[in-house]
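Chains as they are written, first to last, in my numbering: chain A, 188 to 610; chain B, 169 to 472.
Any given hint could be a false lead.
[Claimed, not checked] Across the chosen pairs, the derived CB separations fall in these ranges: (1) A:Ala602 / B:Gly347: 48 to 54 Å; (2) B:Glu240 / A:Ile449: 49 to 55 Å; (3) A:Thr396 / B:Thr171: 19 to 25 Å; (4) A:Thr396 / B:Asp179: 47 to 53 Å; (5) A:Pro512 / B:Ser376: 57 to 63 Å; (6) A:Asp200 / B:Asp403: 50 to 56 Å; (7) B:Thr171 / A:Pro422: 33 to 39 Å; (8) B:Asp430 / A:Arg358: 52 to 58 Å.
[What the hints assert, rightly or not] Some chain A residues near chain B, calculated using beta-carbon distances under 10 Å: (9) Val258; (10) Arg283; (11) Thr287; (12) Gln339; (13) Arg342; (14) Gly426; (15) Ala454; (16) Ile458; (17) Val482; (18) Gly485; (19) Thr592.
In case anyone wonders, no lab produced these hints; they're calculated from the structure.
Heads up, the beta-carbon is just placed ideally off N, CA and C, and yes, glycines get one too.
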Amino acid sequence: MDLLRFITCGSVDDGKSTLIGRLLYDSDAVSLDVLAALEEQNRTSAAGTVDLALLTDGLRAEREQGITIDVAHKYFTTPRRKFIITDTPGHVQYTRNMVTGASNADLAIVLVDARQGVVEQTRRHTIVAALLGIRRFVLAVNKIDLVGYSEQVFRDIVADYAAVAAQLGLRQVVSIPLSALNGDNVVKPSANLPWYQGPNLLEHLETVTVATEATTDAARFQVQYVIRPQTAELPDYRGYAGRIQSGVYRPGDRVLVLPAGIETTLAAIEIDQQAVPAAVAPQGVVLRLADDVDVSRGDTIVPLAQAPVPTRELEATLCWMAEQPLRPGRKLLVQHHTAKTRAVVQAIVARTNIQTLEQQPAAEARLNDIVRVRLKTARPLAADTYQQNRTTGAFILLDEQTGATLAAGLIEQTAPAEPEVEL
Amino acid sequence: MPTLPRLDYLDRLEAEAVHILREVAGQFQRPALLFSGGKDSIALVRLAQKAFRPGKFPFPLVHIDTGHNFPEVLAFRDRLAAELGEQLIVRRVEDTIRQRGLREPGGKFPSRNALQTYTLLDTVEEFGFDACIGGARRDEEKARAKERIFSVRDEFGQWDPRRQRPELWNIYNGQIQPGENVRVFPISNWTELDVWNYIQRENIPLPSIYFAHERRCVVLPSGQLLAVTEHLTLDATDELTTRQVRFRTVGDATCTAAVESDASTLAAIIDDILQAKVSERGATRLDDRISETGMEDRKRNGYF
Chain A
188 MDLLRFITCG SVDDGKSTLI GRLLYDSDAV SLDVLAALEE QNRTSAAGTV
238 DLALLTDGLR AEREQGITID VAHKYFTTPR RKFIITDTPG HVQYTRNMVT
288 GASNADLAIV LVDARQGVVE QTRRHTIVAA LLGIRRFVLA VNKIDLVGYS
338 EQVFRDIVAD YAAVAAQLGL RQVVSIPLSA LNGDNVVKPS ANLPWYQGPN
388 LLEHLETVTV ATEATTDAAR FQVQYVIRPQ TAELPDYRGY AGRIQSGVYR
438 PGDRVLVLPA GIETTLAAIE IDQQAVPAAV APQGVVLRLA DDVDVSRGDT
488 IVPLAQAPVP TRELEATLCW MAEQPLRPGR KLLVQHHTAK TRAVVQAIVA
538 RTNIQTLEQQ PAAEARLNDI VRVRLKTARP LAADTYQQNR TTGAFILLDE
588 QTGATLAAGL IEQTAPAEPE VEL
Chain B
169 MPTLPRLDYL DRLEAEAVHI LREVAGQFQR PALLFSGGKD SIALVRLAQK
219 AFRPGKFPFP LVHIDTGHNF PEVLAFRDRL AAELGEQLIV RRVEDTIRQR
269 GLREPGGKFP SRNALQTYTL LDTVEEFGFD ACIGGARRDE EKARAKERIF
319 SVRDEFGQWD PRRQRPELWN IYNGQIQPGE NVRVFPISNW TELDVWNYIQ
369 RENIPLPSIY FAHERRCVVL PSGQLLAVTE HLTLDATDEL TTRQVRFRTV
419 GDATCTAAVE SDASTLAAII DDILQAKVSE RGATRLDDRI SETGMEDRKR
469 NGYF
C-alpha cells in the first residue's frame, strides 16, 4: 500500500476542519467514543448537529474561538491507500504554520467558499504551496449547497482560479464542487450535483499519482551520526549513518566527501546490519568507505559524477516566520539538514507581492513575508537549488541565541550571478 | 544491475523514525529513551537497533516506574534491557512521593499518572537529559495531534502550544538554551495499526498481557473491565468476574482497562483492531475522561 501526504488550506471559515472531519467520518475513521465525546460537546455548546470541525481543532483556544491555530495531523486508511492529512490554519497570522504543513505534502487541497470565490488567502496559500514544491492541487469549491448547487458559480470560480494556477505554472489542478457540511461529493457522489461528472474528493485522493522519489535524481546523502562500536569484535568499524536524500547508491560507487572534496570508494551499504546491493531515498542506511578518511556529521557523500560544488554564497527565497523583522547584516545559523553553520544576510533582494506575484524592492522582511535574500555562510554547504532537489535545496534559519526557527529557506542559486555590468 | 527496492508505507514510516532517532544522537549531548514496557516503546527500541547497531545506543533506557505496573511488564523490561546490553535507569514515583512529601492519590482507583510527571522532571534534572525520546503518536489524542516531532520544553518541562517552532521538511531543530530540553516523538506519524503491523512484520516479542489470557476483573459502571490487583480497594458491591481479556495499551494497572478478546496471536490482534469501533485511548484509559482538555493540561505541565 502506498502513502499520500496532503494538506488542506484556504481562508478562515472556508470549512477546512469540517472537510477533514467529513473525510474521517464518512470513511469510518472516527471511532464511537470520539464521536460520542463530540456529540456531548455539541450539546453543551452550539445547537443541534455534530460539528465535524471539533475532530481536528485540538487545543482549547481553538475550540473556544472556533478557529484552527496550529497544524493538526490526522490519519486514515482506505482499502486503496494510507493518508496523512495536515490541516493548516487559515488566518494570516498563522501562515508560517501553513508553510510548515506544505513543506511535507505531496498534494494540496485548496478550499474556497462558493459564496466568496477566490480571495487573498486562496492566492497566498496557493503561492506558498507552489513555492514549496507542491505540484498537485485540488480546488475544492465548498458550501456549494449555499449557492443552490449552481454550476455557473462553480464554473466562474474555476475560471478565476485557473488564472492563479496559470501564473504559477500549475498544470495539475482538479476542481471539485462539494459540501463538507452535508457530505456532498466528499466520499459519496451527490444527487444534488447532476451536472458534475468528475470524481468525488476521496475517489480523486485514492487514484491521483503519488509522487515517488525519482531514481534518476542526483544521489544525495548527508552523515547524521558516526557509528563506532570500538568493541573487541569490531575494533575498527566505522559506519556513516544517514538517510538517502535522493537518488540511488550502490557499493563500488566512486564517491566524494564534501565539503572537503576527498575521493574514495563506497565499500558497502548496510541496512539493519545487512549489506545491500542498492539503496534508494528515503531509506536510512549505513555507508562504509574503502579508505580511512575524516568524515563527520554534516558531511555529504555523493557519487563523483553527480557531485554539487560546495558554496558559501546562496541566493534563496525565505518565508520569514519571526515577529522581529529581518534586515541586511543580521547574523544567524543555517541548518541545512545535518550541516549547521553561521551565516550573514548580505542583502534583501526583493519581496514577493502575493497579489501580483511581482518582485518588489524591500528594506526588510516582516512576519509572513516571502523575500529573496543573499546569504554568506561561514562554512561551505553542499547544496542544490530547490528546483533541482526538494531536500538538499531546503534549509532553515535559526536564531543564534534562542535557537528559535526564524525562516524556511529555498535555495534559488548556489553561487550568485555576477552583478550586471553597464555597457 | 540489481533491482531497486520498492518501499511501502511501513518502510517509509520506519525510515522516518530511524532518521529522527539519528538526529537525536547527532544533535544532543545527553539524550534518553523513555521506556514504559508498552508496545510503542518496544517498537522504538527495535527502531533504535536499526538506527545504531552494530554500535551501542547513544542513550540509556529510562523507566518511570509508578509502582502500579503489571509484573509481567516489569519482567519483560528487565529481560529486554539485559538482552540488548543497554543501560536501564529506573526511577520510582514512590520515591518522589516520599522525598517531596506528596500526597498519594486516594479514591477507589488511585492513579499515579499525574504524579509521574514529578518523577520524570526530577529524573531529567538528575541526569541532565537534554532530549527525551518517547513513543507518543499523534493519532492517540487531539492535543497530541498538534505536537511537533521535536517539541521544546522550558526548564519547568512545560509545553506551550502557541509557541511551537515551525517544523519544516524533515529538518529537525534541536538548538536549545541551557535549562531547556526537547521531547522527541519518532513515531508521531504512526497509527495504532501501523505499530501492530510493524511488530508483526519485525516479529518483535511483547509482554504476555497483550495477548488473550484469563484474568479476574472488576466491572466498572461504564462497563469497562479493570484487572484486580493489590492496588485496588474493592468493596462488597463491586461486581467481579473472570474473563478472557487482553490489554490494548499497557499503562498503570489502576487506570488501564482490559478488553475482552480471545486474540492470542499478532494476526488475531490486528484483526481485532480492524474490527474495533472504539479508539485506543477510549477503550482503555480512565484518566483522559476527566475533562475535554485533560491531555492538553497535563502536557502543558510537563507530562509526556
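Verification of the supplied hints:
1. A:Ala602 / B:Gly347: 48 to 54 Å: violated (41 Å)
2. B:Glu240 / A:Ile449: 49 to 55 Å: Once the Cβ atoms are compared, 53 Å apart, the range 49 to 55 Å for A:Ile449 and B:Glu240 holds.
3. A:Thr396 / B:Thr171: 19 to 25 Å: Holds, at about 21 Å.
4. A:Thr396 / B:Asp179: 47 to 53 Å: Cβ of A:Thr396 to Cβ of B:Asp179: about 19 Å, so the range 47 to 53 Å is violated.
5. A:Pro512 / B:Ser376: 57 to 63 Å: holds (59 Å)
6. A:Asp200 / B:Asp403: 50 to 56 Å: holds (53 Å)
7. B:Thr171 / A:Pro422: 33 to 39 Å: Hint holds: Cβ distance 36 Å, inside 33 to 39 Å.
8. B:Asp430 / A:Arg358: 52 to 58 Å: Because 54 Å falls inside the window, the suggested range holds.
9. Val258: Holds - the Cβ of A:Val258 comes within 10 Å of chain B, reaching about 7 Å at its closest.
10. Arg283: Hint holds; A:Arg283 Cβ to chain B Cβ min 5 Å, cut 10 Å.
11. Thr287: holds (4 Å)
12. Gln339: The hint is violated - A:Gln339 has no Cβ within 10 Å of chain B, the shortest such distance being about 39 Å.
13. Arg342: Interface hint status for A:Arg342: violated (37 Å vs cutoff 10 Å).
14. Gly426: holds (8 Å)
15. Ala454: violated (15 Å)
16. Ile458: holds (8 Å)
17. Val482: This interface hint is violated because 13 Å lies over the 10 Å limit.
18. Gly485: Given a least distance of 8 Å, the restraint on A:Gly485 holds.
19. Thr592: Since the shortest Cβ distance to chain B is 4 Å, the answer is holds.
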